[in-house]
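The listed protein sequences correspond, in order, to chains R and V. When we follow my numbering, the leftmost residue of the first sequence carries the number 1, and every step to the right adds one. When we follow my numbering, the leftmost residue of the second sequence carries the number 1001, and every step to the right adds one.
I should point out that these hints are in silico values taken from the structure, not numbers from a laboratory. Please read these numbers as outputs of a predicted model, since none were measured by experiment. Any given hint could be a false lead.
[What the hints assert, rightly or not] If you only want the chain V side, here are some residues facing chain R, beta carbon under 7 angstroms, derived:
(1) V1120
(2) Q1208
(3) F1210
(4) S1226
(5) L1229
(6) A1240
(7) S1247
Built from N, CA and C at the ideal position, the CB exists for glycine as well.
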Amino acid sequence: MGPRRITWVAGDNYRALFSDPQLRFALTNSAIYTAMNVPAQLAAALGLAMLIRRARRMTWWITIYYAPHALAGVATILIWWWLLNPQVGPVNRTLGSIAESLRAIGIESVPEWSRPLWLYSPALAKPSLVLMNLWHVGGGMLIFLAALLRGGDVLLDAARVDGASCWRRFWHVTLPLVSPAIFFNALTGVIYSMQEFDQPFLLFNYQQGGSLQFYSLYLYQIAFEHQRFGYASAVAVAFLGAMLVIVYSAVLMVRRWVHYQFTEGEVA
Amino acid sequence: MNRHHHSATTARFAVALVLSGPILWAAWASHQPIDRIFANGSPGSGTDAPSWQWSNYRDAVTRLPLLRFVANSVVITTAATLGTVLSTSLAGFAFARLRWRGRRLWHVVLLATMMLPGQVLLIGQFFVFSRLGWVNTYKPLIVPAWLAASSLAVLVFREFFRAVPRSYVDAARLDGATDWQVYWEIMLPMSRPVVAAVAAMTAVYHWQTFLPPLVYLSDYQGYPVSVGLRMYQAMEGSWANLIMAASLIAMLPPLVVVLVAHRVLVDHRPPS
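Pulled out of the complex, with its shape left as it was, chain V reads as follows (with noise of 0.2 angstroms):
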């Protein structure tokens, strides 16, 4: 029993070295001269003393623009975020704790807008778009995010309100509290784990996302960095070192909301 929980946690170590190997080499690479990329290829082959460049990271923001691209996701990704956060919440709140004609057809509709391939909406979304003049601008990709776009986030906050004691609402009627206080005095003060849980995959998923910006987006100062980190790609060969510093760039923002969120994200109380 005892070995058998070494190897248990021999694996899980093996496993989680395995997991981070493409950022060490990444983080090696970043810091390296081209050449010794090409000649060495793996940290620790060498055997002449270790060089750290690490002008590539002032390469890789100066050749182009990328603090840009980022101060561009930053804005994407905050204000899609802020309108998930706050239209999912309160349609939850109207699918859990409202009673209106058609709700249970209208979750069931919900439900099914979740199997929906996003790739078939992308079409007629871009005729929509282009027909209002939102090509080339970030409405396209924030304006849905305030019209509780994420069904997954919906369905998320209905179950966790409906699973609220009805007492608290029942209170709060008494006191002469409205709909509207109901959800936003009592309702989401008490789902703050909820609400991090949410904010942080709608971030995630707002700064990975890659073919709505490209589909939406076609002057590069205002691209994202996620379709502007190919722009390194385009540049070939030679700029491996950079493409390593510009991508653990880019990758930090989730990196930081994920050790943030993790206790949130990650709560493993089985249900009682």
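So here's chain R without its partners, still in its complex pose (with noise of 0.2 angstroms):
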């Protein structure tokens, strides 16, 4: 086992790159799971910040919500592929008597939502990954709410007093202020998504047409199974390259609307 010979081959592997029809699809699989994922992720994180941050007991609420994320592993991949189980899994199980209650009182067609193949379907195994990954969003939590407890009570008790709405508070207010935690948050949200490889492997099995065939676990495979430590480099470097892309221009695309200056003294 382990790499023996190194043999000059100068930009060959680098050439393999662009001809290579399973690193394309595994990079797309990565991508549209990273879009639909990171998004989600934001908004649940939010959500869960903005739902505690004048609780009383805050600590309390605190590590219930980012318990799951310090439990989040193995395990619980494990527990969720059982969760999403299409036949015994309790979450169709739930869907299917909401079908059962629906039927009771004259709605006849019940759809196919009762019963989701959930992993075991081309379309819903990478929805699937996104709905476990909801489920440890404490990490994400914490460092919206320490931007939420920056000074933001000042600036929306100001808003109030002005009559701004709920949703113009959100929007010109909440918003503003966390831009600094959502900018990280996304950067690094995208950063792992990419690289997501635990969820994929443990459930790489159940999927049907490559769903969860997605870019690290394919660097896996050229690596460790095939044993092409010259290409799975390449593959490497030049997918650091890509995310060097992203994280850049990311810099340069927010650079006008992340305010890192929004704190209690500007509005003193």
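Put the two chains together into one complex; each comes in its own frame, and the hints tell you how they fit.
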């Protein structure tokens, strides 16, 4: 096991990148998953942070909402794998009994949603992972909460006194207040989601149509299953390049929009 | 206003219920006979008397060496956490308090490595570690932790040490303290909450991490619990109740860490 001999192949490995349909397929899958996962994570984490920002016994709520983040690992992936089992999983049991009661009150045409195939469905496999991840957004929530507690009450109270509606307070006060946290969470979210490995690796045998064939999994396969370390290195370096481009353009794009000097001193 | 208050509290409890749902179901399934899981699927949907099959837990730890996996994880996690706390606090001290050439440059490098995707490093690291003959040992999982591999922890310590008032350090120096004594006898004891936070986060991370042990370890007797749990999954179908029992056992240590450290971890006082 392991690399034995090194031969100089010049740019061959990098040229091969562009004529590798499997790499393109895996990167597309990762990109689609990332595009679903990151917005869902941001919305849920911000929602949880706003829900407990004024709560009494806040540390208590933080601990409860944060705990899944520390528990998340192989164990929770295995639990979710059974929760989402199409035949005997409790999620589909619940959907089934909802459909049952709808039928009881006369709604006959119970649609297919009452028995989704989740991980076994090509269309739902990635959303299933997104759903699993929503369970442990506590880490992102902490960052939003820190941003909200940084002088947000003064601004929100001022807006309320000025008669701003709930929606306008959210749009014009809360969002600018947390914009650095959104930026940070989005950036780290993209980097992590593009590298997602544990879930697709553990659930790989149940997918249909390669829906969980992600970039990180492909990298693992070429390196550790096919022992093509040279090509795997080229894939990894190209991925690093792509990530740097994404991070740098994100920094350029949002520079105007993210408010870094939004503190209490400004309104006083 | 009062009604708004009530609905917010209700929503908080509802979210907490939803979040605990998966764990509660796993706890229920972990002591059911397997045919009951297949028949009833959810707690309370059956009418017959509850049957508590505690032997699932015994089976979970005997059919595969789960306790051995747990012990392996304890060894790796303890060694890596100790190394991370010592080495990153020392590096953070050097960044915060010592004057040396290239300090600013290396600070930027440190920040940049935080954005580096871990998998990019994996191939190169595997190459190096296999040349060193470290494959199928715990060294690749522990040694980097002793070399301040976690740049986030270094930065956390740096920020904390920078905030320590100069007078403490100056007073110690007047008494003739060396750099090492300033670090060990003043800075580290003062940063006990930061040490606890970094230790808790690091311990949870090393307990849960899956890809590096998967890559470096080939003998299953040496598996940590994250990789060992996968063997339960490979057993397929009829083991669902044992999988739940094993998963709950595997989740117990991180749960304890979070509950013990939560006061430190979630200290939400706004910065003054």
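Against the structure, the hints:
A cut of 7 angstroms between beta carbons decides the hint on V1120/V: the least distance to chain R is about 5 angstroms, and the hint holds. Because the closest C-beta pair between Q1208/V and chain R is about 4 angstroms apart, less than 7 angstroms, the hint holds. Using the Cβ-Cβ criterion of 7 angstroms, the hint placing F1210/V at the interface with chain R is satisfied: the shortest such distance is roughly 5 angstroms. Among the interface hints, the one on S1226/V holds; its C-beta lies about 5 angstroms from the nearest C-beta in chain R, closer than the 7 angstroms criterion.
Evaluation of the L1229/V hint against chain R yields a held restraint, the C-beta minimum of about 5 angstroms falling below 7 angstroms. Checking A1240/V against chain R: minimum C-beta separation of about 6 angstroms stays under 7 angstroms; hint holds. A least Cβ separation of about 4 angstroms between S1247/V and chain R falls short of the 7 angstroms threshold, and the interface hint therefore holds.
Every hint from the earlier list agrees with this structure, and none is contradicted.
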